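Trainee: Construct all of the structure, not just a fragment, from the sequences and the given hints.
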Amino acid sequence: MTALSLTVNGAPVKGDVEDRTLLVHFLRDHLHLTGTHVGCDTSQCGACVVHVNGRAVKSCTMFAVQANGDAVLTIEGLGQDGRLHPVQAAFQEHHGLQCGFCTPGMIMTAVDMLARHKQLDETTIRHELEGNICRCTGYLNIIKAIRAAAEAR
Amino acid sequence: MYTSLFRYLRPETLAEAEALFQQSSDARYLAGGQTLIPTMKQRLASPAELIDIGRISSLSFIRRAGDRLTIGAATPHAEVAASAEVRNAIPALAALAGLIGDPAVRHKGTLGGSIANNDPAADYPAGLLALGATAKTTQRTIAADVFFTGMFETALEAGEIVTEVVFPVPRRAGYAKFPNPASRYAMVGVFVAVHTDGVRVAVTGAAPCVFRVPEMEAALVRDFRPEALAQIAVAADGLNSDLFASAEYRAHLVNVMARRAVAAAML
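Top line first, the protein sequences correspond to chains A and W. Here the first sequence stands for residues 1 to 153, numbered as in my numbering. Here the second sequence stands for residues 1001 to 1267, numbered as in my numbering.
Calculated from the structure, these hints are not laboratory results. Quantities reported herein were computed from a predicted structural model and do not represent experimental measurements. We put the CB at the ideal spot given by N, CA and C, even for glycine. Heads up, a few of these hints could be off.
25 Å max Cα-Cα, derived SDA-like pairs, lysine to any residue [unchecked claim]: (1) Lys-14(A) - Val-38(A); (2) Lys-1041(W) - Phe-101(A); (3) Lys-1041(W) - His-30(A); (4) Lys-144(A) - Leu-97(A); (5) Lys-14(A) - Ala-3(A); (6) Lys-1041(W) - Val-38(A); (7) Lys-1041(W) - Thr-34(A); (8) Lys-14(A) - Pro-1011(W).
Covered stretches of chain W, as calculated for chain A (at least 3 residues, CB under 8 Å) [stated by the list, open to error]: (9) 1006-1019; (10) 1030-1037; (11) 1100-1108; (12) 1173-1186.
Mentor: In structure tokens:
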């Protein structure tokens, strides 16, 4: 067991976990932040994407102890004062989801993508979305939402 | 819980990491974990101790000095891909790093982890071999020519840690890969580099271990154009064959990717 001390969505968090606890399970089962999803569990689908120290990572492919001392941001921490984050609002506006299972990971990936690219064309967005799988939308409205969020900033 | 029980250790220095390894009978080093953690989740690896060397800050850097580009072993792929220094010195290497996995994997996965693992379908081994790079470790210096010894096998001894890789800056270079559409690993990837003393062509994904193609190198010395490779076939004997591609198809892809790599190097 390891005593963890980290920041999650801006607030200090402590926990005692087995070293083998994956970050996604610490978030979901210990902190009850169930917005971060487990999809494929094999590092491919991206439903579990969160930010650690400002970078998008797959929380099913990282142990919670690796984030000890770090700052974690999940989908629950994106909106401010009851308002949606602009990327969340763009997904709503452009219907960038159907069942919604992949959406938290898609949005966390999109926020990271926007932070790293001043300009985002469709080819870049498609390349950047290679680690996120959606089985409903066919991606078109997801891309539309990310483009809109990029143009609106 | 997916993995076996283990103890997580976070040393501050390389010396401390090596000491921890010596004290354990069953330790593994953890860098980015993008291969090791999935492997542990399937219980194909069950180390008793996991020694996290991914956070040792002296292992994460990119430095250009004259005709040498040096990259710290714990530098994530995303940093190599985005580095102005790498893009300027060896754009093909930055491009290679930007094609590994996906953005989240590139934020965690490291150069040292990739080459120490030596997956037959990993990208970096082709880059190191074609560029004639040298891996520095906690114990010695190992040329890429003798570093990659077989499938998931390297010249590294137990406990030895890759600390940095030194890349000679080539006159020009190009990388082309045919990625597996699901995993993004190379079904075949070919790195071509033109040095002052010759051309090196290295192939990953096709065989159990990265390899060079001397016939292509000789042809490109005479005539550095994609067309120069048109008649050079690579034998399918000994190449990988799986549900994604037969050995014959991989042999065909080696030629196609080599020509695309040459074209990329000419840009």
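Trainee: If a hint holds in the structure, say so; if it doesn't, say that too.
Mentor: Status of the hints after comparison with the structure:
1. Lys-14(A) - Val-38(A): Holds, at roughly 22 Å.
2. Lys-1041(W) - Phe-101(A): Given pair Lys-1041(W), Phe-101(A) holds - Cα atoms ~23 Å apart, limit 25 Å.
3. Lys-1041(W) - His-30(A): holds (20 Å)
4. Lys-144(A) - Leu-97(A): Holds, because 11 Å separates the two Cα atoms, which is no more than 25 Å.
5. Lys-14(A) - Ala-3(A): holds (7 Å)
6. Lys-1041(W) - Val-38(A): Status holds; Cα separation ~14 Å.
7. Lys-1041(W) - Thr-34(A): holds (21 Å)
8. Lys-14(A) - Pro-1011(W): holds (21 Å)
9. 1006-1019: holds (count 4)
10. 1030-1037: With 4 residues close enough to chain A, the hint holds.
11. 1100-1108: It holds, with 7 qualifying residues against the three required.
12. 1173-1186: Coverage by chain A holds for the stretch 1173-1186 of chain W (3 residues, Cβ < 8 Å).
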